[in-house]
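A.B. asks: Under UniProt numbering, the sequence shown is numbered contiguously, ending at residue 158.
Calculated directly from the structure, the hints in this document are not laboratory data.
These numbers come from a predicted model, not from an experiment.
Backbone N, C-alpha and C define an ideal beta-carbon position, used for all residues, glycine too.
Treat the hints loosely; a few may be bogus.
[Said to hold, decoys possible] The following label-pair restraints were derived from C-beta to C-beta distances:
#	residue 1	residue 2	range
1	ILE132	ARG66	21 to 27 Å
2	ARG18	LYS89	26 to 32 Å
3	ALA15	PRO44	21 to 27 Å
[As the list claims (entries may be wrong)] In the DSSO-like style, the derived pairs of lysine-lysine whose C-alpha atoms are separated by at most 30 Å in a straight line are:
#	residue 1	residue 2
4	LYS62	LYS89
5	LYS101	LYS53
6	LYS116	LYS62
7	LYS101	LYS116
8	LYS101	LYS89
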Amino acid sequence: MDSFFDMSPPNTDGAARRKAVHCAQKILDDEFHALGAEIGWFYPDLDVNGEGKETNHDGQLKDSGRLDLLYYHPSIIPGHHLPHAWLEKGNERLSTRDMVKYDGFVLIASRPGLWKTVVAEAGGGLVNLIGISDAGEKANSEESLWKERKMGFSAWCR
């Protein structure tokens, strides 16, 4: 170990070891800084409508078709992990990650009234409906909707 840190010119053994470590770091950099590999992986088969094809799954796939191992690209395309966001209700603050149910589904909708009856009739008690709104967002005719599959993967969005 001492030869590794010895910077004196005659220490060729230390220089060789430092060079080997530097080369290994370049090769293994994806392993050490792999946010994309840790949380960016997804189930492409769940994207039955091909929503991620045009954008390479919001950038999680490189042009070569390989997974971007270094960077995580948040996405609600079906098959991807639910992105993190903070939701507030009064003084309570909750992460979207804390809403994930392992024995059911979470339906996050900006207009939950439209889904209340459907969830009650067809949800079978497995769907937790959560209404959200953005105080700074103007109402529009488009409805933002996320349906979160078990284990925190998006199953459907519109």
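A.B. asks: Would you mind marking each hint as holding or not holding in the structure?
C.D. replies: Right, here's what the structure says about each hint:
For ILE132 paired with ARG66, a C-beta distance near 34 Å fails the hint of 21 to 27 Å. About 55 Å separates the C-beta atoms of ARG18 and LYS89, a value inconsistent with the hinted range of 26 to 32 Å. For ALA15 and PRO44, the hinted distance range of 21 to 27 Å is not satisfied, since their beta carbons lie about 46 Å from each other. Taking the CA atoms of LYS62 and LYS89, the gap is about 38 Å. The hint is violated against a cut of 30 Å.
Proposed proximity of LYS101 and LYS53 is supported: the alpha carbons are some 28 Å apart, at most 30 Å. Of the supplied pair hints, the one linking LYS116 and LYS62 is violated, its CA atoms being roughly 39 Å apart against a limit of 30 Å. Straight-line distance between C-alpha atoms of LYS101 and LYS116 comes to about 18 Å, which keeps the hinted pair within the 30 Å bound. Using a Cα cut-off of 30 Å, the hinted pair LYS101 and LYS89 holds, with the two alpha carbons roughly 19 Å apart.
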